[in-house]
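Going left to right, the sequence shown walks through residues 293 to 414 as the working numbering numbers them.
In case anyone wonders, no lab produced these hints; they're calculated from the structure.
Watch out, some of these pointers could steer you wrong.
[Claimed, not checked] Label pairs and their in silico Cβ distance ranges: (1) 385 with 413: 38 to 48 Å; (2) 297 with 325: 31 to 41 Å; (3) 366 with 386: 20 to 30 Å; (4) 413 with 322: 13 to 23 Å.
Quick reminder that beta carbons are idealized off the backbone N, C-alpha and C, glycines included.
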Amino acid sequence: MGGFHAFEDIQAWGRARELARQVYLVSNTDDFRRDYGLRDQIRRASVSVISNIAEGFERDGNTEFARFLTMAKGSSGEVRAQVYIALDQGYISQDQAQKLISLAQEVSRMIAGLIAYLRSHH
Numbered sequence: 293m294g295g296f297h298a299f300e301d302i303q304a305w306g307r308a309r310e311l312a313r314q315v316y317l318v319s320n321t322d323d324f325r326r327d328y329g330l331r332d333q334i335r336r337a338s339v340s341v342i343s344n345i346a347e348g349f350e351r352d353g354n355t356e357f358a359r360f361l362t363m364a365k366g367s368s369g370e371v372r373a374q375v376y377i378a379l380d381q382g383y384i385s386q387d388q389a390q391k392l393i394s395l396a397q398e399v400s401r402m403i404a405g406l407i408a409y410l411r412s413h414h
């Protein structure tokens with residue numbers, strides 16, 4: 293599958309791991325932590341990105357992998373949307389928001405590239 297031997301070899305997975313790590317860090321502050329709904333949703337979305345990359349890789353073939361990657365890409369967009377909500381509520385700073393948004397956009401671009409590669413080698 294794309295010359296990868298394990299999902300841990302996929303650069304997009306590594307960046308998605310960093311995204312999840314950062315989401316957990318910023319959502320652990322007092323104000324953010326008290327908003328259980330948003331905190332849990334943004335965490336679930338970030339976990340979904342990394343998990344769908346891994347699960348898709350372990351599935352049967354490029355078509356299945358690409359399908360899971362599209363779900364991962366969607367979850368990355370969900371993280372971005374929720375970052376804006378956290379920013380608007382004053383749970384995170386503009387700087388924190390921009391870093392998370394940039395990282396989520398990077399992950400989305402990497403996933404899109406991987407999807408294109410898989411579909412061209414279908």
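Hint check:
| no. | hint | verdict |
| --- | --- | --- |
| 1 | 385 with 413: 38 to 48 Å | holds, 42 Å |
| 2 | 297 with 325: 31 to 41 Å | holds, 39 Å |
| 3 | 366 with 386: 20 to 30 Å | holds, 25 Å |
| 4 | 413 with 322: 13 to 23 Å | violated, 48 Å |
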